[in-house]
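There are 2 protein chains.
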Amino acid sequence: MIKNDLFLRALKGEVVDRPPVWMMRQAGRYLPEFMEIKAKYDFFTRCKTPELASEITVQPIRRYGMDAAILFSDILVIPQAMNIAVEMKPDIGPWLPNPIRSERDLDGVVVPDIDQSLGYVMRAIKITKEKLNDEIPLIGFAGSPWTILCYCVQGQGSKNFDKAKQFCFTQPQAAHTLLQKITDTTIAYLKEKITAGVDAVQIFDSWGGMLSPDDYGVFSWQYIQQIIDALKDHAPVIAFGKGCWFALDTMAKSGASALGIDWTCSAKNARYLTGGNITLQGNFDPTRLFSPPKEIKKQVKQMIDAFGKDKYIVNLGHGILPNIPIENAAAFIEAVKEYKAT
Amino acid sequence: MIKNDLFLRALKGEVVDRPPVWMMRQAGRYLPEFMEIKAKYDFFTRCKTPELASEITVQPIRRYGMDAAILFSDILVIPQAMNIAVEMKPDIGPWLPNPIRSERDLDGVVVPDIDQSLGYVMRAIKITKEKLNDEIPLIGFAGSPWTILCYCVQGQGSKNFDKAKQFCFTQPQAAHTLLQKITDTTIAYLKEKITAGVDAVQIFDSWGGMLSPDDYGVFSWQYIQQIIDALKDHAPVIAFGKGCWFALDTMAKSGASALGIDWTCSAKNARYLTGGNITLQGNFDPTRLFSPPKEIKKQVKQMIDAFGKDKYIVNLGHGILPNIPIENAAAFIEAVKEYKAT
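Residue numbers (this note's numbering), protein chains in the order written: chain W, 1472 to 1813; chain G, 1472 to 1813.
A couple of the hints might just be wrong.
The list treats identical chains as interchangeable, and a pair is accepted whether it falls inside one copy or across any two copies.
Stated by the list, open to error - With a cut-off of at most 25 Å between alpha-carbon atoms, the simulated SDA-like pairs for lysine to any residue come out as follows:
(1) K1560 / S1629
(2) K1630 / P1565
(3) K1630 / R1496
(4) K1560 / Q1627
(5) K1808 / A1723
(6) K1780 / I1508
(7) K1634 / P1565
(8) K1630 / G1499
(9) K1474 / K1519
(10) K1630 / L1567
(11) K1739 / D1720
(12) K1600 / D1576
(13) K1780 / E1663
(14) K1662 / W1566
(15) K1630 / D1545
(16) K1662 / E1574
(17) K1597 / D1576
(18) K1509 / R1480
(19) K1724 / D1562
(20) K1772 / F1640
(21) K1560 / E1805
(22) K1739 / S1725
(23) K1724 / K1780
To be clear, the hints were calculated from the coordinates, so they are not data collected in a lab. Remember, it's a predicted structure, so these values are computed and weren't measured experimentally.
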């Protein structure tokens, strides 16, 4: 069994001495040891080489001792496996040379055999579990179907994903066909990940907050709910929707073990909107890690006091930024480990 | 007096037959007649030539007959007047070659004489008022100090304005010096606009929703409140904060005549969060204007029913997008004019 099970206990809502802590995107670009690997191997080589992915996964654990590891990977390995080309361009980020813009563009899109197309992820999980040696749990993740669709249609990152929304609003049938294919793939993928050894899964709906509450229900939430329904008896599920405060009441009734909260939603609002009973995860503003370490520690303490130490997982409200000083990230983790309720 | 005073009556909370309607960024890039002017004159020439700015302002009124006009201008004329260089680059948007990054960078930043630096705006207002011939009211606007700071520090648009936030969190004193200078300039500017003839003013806090509620209070709201305090006895003030649902309770007590609402906040949530008494403006998702005109009309009707016809100004939840078909914008306006409560 896992020696430090704080994270799993918080997911069950058990009473703990202090909340567990990890950071979204903790494996990656702000760490000098990651930058050394990055200098040698391109993005998808890092994702697809199990030895590299597992090494990157455990790097932040060695340095900071978080209470959970999250497998280094990318949400866009899913469209890649579905036969939608995805590249990573140095200054642009994700780049899809053949974006989906019509029903016809869906002809070549498949629900793939997971072992064949994503077996490298399962191998990375197995190696990572060996490296972690049951010290802490390992989290697996996937993007929400809506967030994946955003990239598949827009073809790259965007401030408002206008092309993705235009596609949904003018060709809803094609949009739902694509969303269901992504959902089916994601369910099979996350089930395999659980079989391979991850102890919990998180669904990232990074762009759910770009939709109105009605459109969110239609184009995002119903697919996330399918994923939760399919997985919740196999492993704890964390659902994180950036900007999705308006859906927290629905999300709280979904069967997810925990909900991710972003920094625009105060602890008080988050507890109120979710009914006060479900475990919450978040919500430190990632740019607040630019503050001096002393200020970070003060604010982390205030955040834990506001959420309460139980039914709570300390995290950022979105991924850590590339240019955060390593001592500031350290202050964030230390503040949680030093936490004493007053 | 103004012949069609629906907009001003809604701002006072009076009972009306139907709500007034206008669209944020209605003067501009989705209109073929605007594109003709754009082909001939660059961005700041259009802003700074009163005859052009007034012509662009009335173009959408001629075509669609909105219930209010909003002066064609840009929020970045303020930093320009404060001696911070601002350019508009075709594919990038706003571009500030010398961004503010330290206390020292503030040395040359001035609170300018409005007549000298922004007199062209006042002349545009006078010409526009003549063209409008008291048919409908004219709105003037400014960016919120925080939103202006975002551009001044970041130097361009951004997904997360990380450099702007880093500046505030690591050099708060310099940030507050800059914010106060912007605030003082904005108050003088909007007072002059009111003297020149605008019938109401709107403050756009486009990036307020990138801050946590606590940081919003410190770096954005307190400066907006200063502006409202200084102006509310001279003209009705509309405060619009994109993504600022968490501050709506505070905003409702500010003395503003109306609050702008974005599309992630349902009518029900907006009325609840603002206490149910203040006039609200919004909140159609701008990308929903890609829907077929029939669907747009249906959704506009539902939106008015949800907000209620009184204490309500129909608008988008953010600016209209450049590639919206003109017949779709027409459907949006028509739906309001055809509105009958059921």
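Outcome of the hint check:
In this assembly of identical chains, K1560 and S1629 lie within 25 Å of each other by CA distance both inside one copy and across copies; the values are 14 Å within and 18 Å between. For the homomeric pair K1630 and P1565, the shortest alpha-carbon distances inside one copy (14 Å) and between copies (15 Å) are both at most 25 Å. For the homomeric pair K1630 and R1496, the shortest alpha-carbon distances inside one copy (20 Å) and between copies (17 Å) are both at most 25 Å. Taking identical chains as interchangeable, the C-alpha atoms of K1560 and Q1627 lie at most 25 Å apart whether they share a chain (10 Å) or sit on different chains (21 Å).
For a Cα distance limit of 25 Å, the shortest separation of K1808 from A1723 qualifies neither inside one copy, at 28 Å, nor across copies, at 40 Å. Taking identical chains as interchangeable, the C-alpha atoms of K1780 and I1508 are never at most 25 Å apart, the minima being 36 Å within one chain and 60 Å between chains. Taking CA atoms no more than 25 Å apart as the test, K1634 paired with P1565 passes in both settings, with 16 Å inside one copy and 22 Å between copies. With identical chains, the CA atoms of K1630 and G1499 are at most 25 Å apart both within one copy (23 Å) and between copies (20 Å).
For the identical chains of this complex, K1474 and K1519 are neighbours neither inside a copy (29 Å) nor across copies (68 Å), given an alpha-carbon limit of 25 Å. For a Cα distance limit of 25 Å, the shortest separation of K1630 from L1567 qualifies both inside one copy, at 16 Å, and across copies, at 19 Å. In the homo-oligomer, the alpha carbons of K1739 and D1720 lie at most 25 Å apart both inside one protomer (14 Å) and across protomers (14 Å), since each shortest distance falls under that limit. In this assembly of identical chains, K1600 and D1576 lie within 25 Å of each other by CA distance neither inside one copy nor across copies; the values are 39 Å within and 51 Å between.
In this homomeric assembly, K1780 and E1663 never come within 25 Å of each other (Cα to Cα): the closest approach is 32 Å inside a single copy and 53 Å across copies. Taking CA atoms no more than 25 Å apart as the test, K1662 paired with W1566 passes in neither setting, with 27 Å inside one copy and 47 Å between copies. In the homo-oligomer, the alpha carbons of K1630 and D1545 lie at most 25 Å apart both inside one protomer (20 Å) and across protomers (19 Å), since each shortest distance falls under that limit. Taking the closest pair of Cα atoms, K1662 and E1574 never come within 25 Å of each other, the shortest separation being 28 Å inside a single copy and 54 Å across copies.
Proximity of K1597 and D1576 under a CA criterion of 25 Å is satisfied in neither setting, with 35 Å inside one chain copy and 53 Å between copies. For the homomeric pair K1509 and R1480, neither the shortest alpha-carbon distance inside one copy (34 Å) nor that between copies (61 Å) is at most 25 Å. In the homo-oligomer, the alpha carbons of K1724 and D1562 never lie at most 25 Å apart, since the shortest distance is 40 Å inside one protomer and 44 Å across protomers. Taking the closest pair of Cα atoms, K1772 and F1640 come within 25 Å of each other only across two copies (18 Å); inside a single copy the shortest separation is 44 Å, beyond that limit.
In this homomeric assembly, K1560 and E1805 never come within 25 Å of each other (Cα to Cα): the closest approach is 35 Å inside a single copy and 44 Å across copies. Taking the shortest Cα distances, K1739 and S1725 sit within 25 Å of each other both inside one copy (21 Å) and across copies (22 Å). Proximity of K1724 and K1780 under a CA criterion of 25 Å is satisfied intra-copy only: 22 Å inside one chain copy versus 33 Å between copies.
When held up to the earlier numbered hints, the structure conflicts with 5, 6, 9, 12, 13, 14, 16, 17, 18, 19 and 21 and fits the remainder.
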